[in-house]
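S.K.: For reference, the chains in residue letters:
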Amino acid sequence: MEEFDWTSIPGALPILADGMLITLEITATAILIGILWGTVLALARLSGNRPLAWLAAAYVNLFRAVPLVMVILWFYLIVPTLLQRWFGVSQSSDIRMISALVAFALFESAYYAEIIRAGVQSVPKGQVDAAFALGMPYHLTMRLVVLPQAFRNMVPLLLTQAIILFQDTSLVYVIGLADFFGAAYKVGDRDGRLVELLLFAGAVYFILCFGASLLVWQLQKKYST
Amino acid sequence: MSMIQIENVSKWYGDFQVLTDCSTHVTEGEVVVVCGPSGSGKSTLIRCVNGLEAIQQGRIVVNGTALADPTTNLSKLRAHVGMVFQNFELFPHMSVTDNLTIAQIKVLGRSTAEALARGLAMLDRVGLKAQASKFPGALSGGQQQRVAIARALAMDPICMLFDEPTSALDPEMVNEVLDVMVELATEGMTMMCVTHEMGFARKVADRVIFMDHGRIVEDASKDDFFGTPRAERAQLFLSKILQH
Ligand SMILES: Nc1ncnc2c1ncn2[C@@H]1O[C@H](COP(=O)(O)OP(=O)(O)O)[C@@H](O)[C@H]1O
Ligand SMILES: [Mg+2]
Numbered sequence: 001m002e003e004f005d006w007t008s009i010p011g012a013l014p015i016l017a018d019g020m021l022i023t024l025e026i027t028a029t030a031i032l033i034g035i036l037w038g039t040v041l042a043l044a045r046l047s048g049n050r051p052l053a054w055l056a057a058a059y060v061n062l063f064r065a066v067p068l069v070m071v072i073l074w075f076y077l078i079v080p081t082l083l084q085r086w087f088g089v090s091q092s093s094d095i096r097m098i099s100a101l102v103a104f105a106l107f108e109s110a111y112y113a114e115i116i117r118a119g120v121q122s123v124p125k126g127q128v129d130a131a132f133a134l135g136m137p138y139h140l141t142m143r144l145v146v147l148p149q150a151f152r153n154m155v156p157l158l159l160t161q162a163i164i165l166f167q168d169t170s171l172v173y174v175i176g177l178a179d180f181f182g183a184a185y186k187v188g189d190r191d192g193r194l195v196e197l198l199l200f201a202g203a204v205y206f207i208l209c210f211g212a213s214l215l216v217w218q219l220q221k222k223y224s225t
Numbered sequence: 001m002s003m004i005q006i007e008n009v010s011k012w013y014g015d016f017q018v019l020t021d022c023s024t025h026v027t028e029g030e031v032v033v034v035c036g037p038s039g040s041g042k043s044t045l046i047r048c049v050n051g052l053e054a055i056q057q058g059r060i061v062v063n064g065t066a067l068a069d070p071t072t073n074l075s076k077l078r079a080h081v082g083m084v085f086q087n088f089e090l091f092p093h094m095s096v097t098d099n100l101t102i103a104q105i106k107v108l109g110r111s112t113a114e115a116l117a118r119g120l121a122m123l124d125r126v127g128l129k130a131q132a133s134k135f136p137g138a139l140s141g142g143q144q145q146r147v148a149i150a151r152a153l154a155m156d157p158i159c160m161l162f163d164e165p166t167s168a169l170d171p172e173m174v175n176e177v178l179d180v181m182v183e184l185a186t187e188g189m190t191m192m193c194v195t196h197e198m199g200f201a202r203k204v205a206d207r208v209i210f211m212d213h214g215r216i217v218e219d220a221s222k223d224d225f226f227g228t229p230r231a232e233r234a235q236l237f238l239s240k241i242l243q244h
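Those protein sequence lines, which keep their order, are chains A and B.
Heads up: the first sequence runs through residues 1 to 225, numbered per this note's numbering.
Heads up: the second sequence runs through residues 1 to 244, numbered per this note's numbering.
To be clear, the hints were calculated from the coordinates, so they are not data collected in a lab.
All clues stand as given, with none of them false.
The calculated lysine-lysine pairs, modelled on PhoX-like cross-linking and capped at a C-alpha distance of 25 Å, are: (1) B:K134 - A:K222; (2) B:K106 - B:K134; (3) B:K106 - A:K125; (4) B:K76 - A:K125; (5) B:K134 - A:K125.
Partial pick of chain A residues on the chain B-facing surface, computed with a CB cut under 8 Å: (6) G126; (7) Q127; (8) F132; (9) M136.
Beta carbons: idealized from backbone N, C-alpha and C, even for Gly.
Input sequences plus hints: build the corresponding full structure.
M.R.: This is the structure:
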């Protein structure tokens, strides 16, 4: 069996860094939009407005019942046409990146919505009563009293979801986007050092995700006391 | 003038009738104590007064405003009806100061400086000026309940509702809260208090209401209630409660 040969890695670092940037960009966008849109979906489901709650539930259940890799492909096939029709964006813009961002944001929203819904329900009913009794209307009660407490309870779950998301971004290889995993694959394939490059990429994923998990664990310990 | 009017109110949770044809009133400046066995509907009745619970029959009018009137802005009404809960319900993610000022600023539209001045004055009034920058979790139960009272008072309420404000407290902390309530009562605040503290009732109540199985079975002046309660259940209840 051949010896491992790590020499192509130093030269590949700039490409890998570019890939990591794409990975982080998708992750950050999906977290941000996922939490915002997820909050809207969660509040819609809890609103007591039947049609609204039903629509939100349908959205959440649809996205949770479909594999992420398919969602990424769908959006890659649909988004370019839509962008062109609605906004006149030309096919030459970075369609892959945009469609990946949209797919991840919408998909993650469904998961964040469920986490946030559970978080809102974890806030004692008496807190809502107290806010109402002080004259706060529903939106102030949510914004000032319920959501801040809900998010504080949810921090570990939100971070765990972010770690899963960070790993799942590697699925963009199906649309040929060079995220960190895609970049490693490309370089390895080019240099005939696929095993080394994928081992290296795996190690980087492991260190980052395991480090983040330790942080979550620390937070959980802190919050549970 | 009648501050709170409760007329023939009935309420159901599904098939279960929790309130049956309840009528009473609280006049401006009056202190009315509501007592009765656990599960008799006291909390439900007092929560109906500021619309935290909806009623299916009857009418509730607060300061001339009918709660069920479609033009009534419930939030606006509640802003001027103070309520104190059994479990304090301070906002745990805010300092005492923020607890005191947030609704003044966001609901009444007061400036931060104005709200702070009013909040701290109320905090001083309940004897907790030194605790302003602490968080609720760092306070004892009695202190938390006094902050909750200060928070309600900072909104300049036209009347105050209390739902068993001392029931969740350790016995040695009951009096610090009752003292604040007695002071409020003697200053002329209109109060409707669900409580089993008969010492408090004797000291400041004008009337005592006794509830049983969702009905108001006795509604009498303090002297009549403690002297000659008419309803048998009230007599029994009193003799039990006054033993300890
Ligand atoms: N949200 C609810 N759903 C169903 N039943 C309730 C609800 N809240 C209270 N009840 C019932 O209504 C009755 C009166 O409750 P409550 O007003 O809390 O009594 P009290 O304050 O006098 O102890 C009790 O039997 C209680 O179980
Ligand atoms: Mg009760």
